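> Sequence:
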Amino acid sequence: MDKEPSSNEQTWLARLATLGRNFNLELPEPRLEEKGVPAAVIAPLVMPSWESSLEDSSLLFIKRASSLRKHSGQMAFPGGVMEDGDADLLSAGFRESLEEVGLLEGNSRVLAELPAAFTPTGFLLQPFFVATTQREFVRQPEEVDSIHLISVTELLNCPVRLEHREWNGQKYRVIYFDTTSVCIWGVTGRITEVLLQHFFDWTPPS
1 MDKEPSSNEQ
11 TWLARLATLG
21 RNFNLELPEP
31 RLEEKGVPAA
41 VIAPLVMPSW
51 ESSLEDSSLL
61 FIKRASSLRK
71 HSGQMAFPGG
81 VMEDGDADLL
91 SAGFRESLEE
101 VGLLEGNSRV
111 LAELPAAFTP
121 TGFLLQPFFV
131 ATTQREFVRQ
141 PEEVDSIHLI
151 SVTELLNCPV
161 RLEHREWNGQ
171 KYRVIYFDTT
181 SVCIWGVTGR
191 ITEVLLQHFF
201 DWTPPS
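So for the sequence shown, our numbering puts the first residue at 1; every next one is plus one.
Worth flagging that the hints you see were computed from the coordinates, not collected in a lab.
Treat the hints with caution; some may be incorrect.
As the list claims (entries may be wrong) - Distance ranges between label pairs, derived from CB positions:
1) 56 x 115: 26 to 32 Å
2) 85 x 121: 20 to 26 Å
3) 54 x 180: 28 to 34 Å
4) 200 x 178: 17 to 23 Å
5) 135 x 203: 19 to 25 Å
Every value quoted in this text rests on a predicted model; they were computed, and no experiment measured them.
Each residue gets a CB set at the ideal place from its N, CA and C atoms; glycine is no exception.
Model the full assembly from the supplied sequences, consistent with the hints where possible.
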């Protein structure tokens, strides 16, 4: 059984306290007549141990199965829509993450809750940033084509592109992280950008 975190967790908590909740995903707002389907994603920071350097950690992404109706074949964080049996959005995120990649809630710690974002495909998405020392992950083949652990160091240094789009009469920017193995973009790219900016002192391109 993994030992309890010590000074490293205290460092995280202190940093979170100073950051507050000044997150802004800068995604298009829904029209008044539109209501998004409640959904949650878990952005797992996979750490070798609780005493590891944060830069030695990786973010876990999935490539969604090509057979899915929405966002098929795209890079994403594990998660999904809220169901009747879920106590809240965090519970929904962990339930879906367990199903998709085998992420264990008991070995995870929630570091931050980001503001909900309305996606162009009709979801009201609630992201959670979570740390874990879990080492083994198993994909659910009906929903996940592949699991990708991308080091924080690579994400901080990989080529980044920006694109400006318009949706529902609103202009917004799309960020692309061109890693050596995959391209991370869209809402997942924006969540990644916010995490790198707020927790790893990364400066996004202008």
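> For each hint, tell me whether it holds in the structure or not.
Right, here's what the structure says about each hint:
1. 56 x 115: 26 to 32 Å: With a Cβ separation near 29 Å, residue 56 and residue 115 satisfy 26 to 32 Å, so the hint holds.
2. 85 x 121: 20 to 26 Å: holds, 24 Å
3. 54 x 180: 28 to 34 Å: violated, 21 Å
4. 200 x 178: 17 to 23 Å: Once the Cβ atoms are compared, 18 Å apart, the range 17 to 23 Å for residue 178 and residue 200 holds.
5. 135 x 203: 19 to 25 Å: 31 Å Cβ-Cβ, so the 19 to 25 Å window is violated.
In terms of the numbered hints stated before, the structure departs from hints 3 and 5, listed from lowest to highest.
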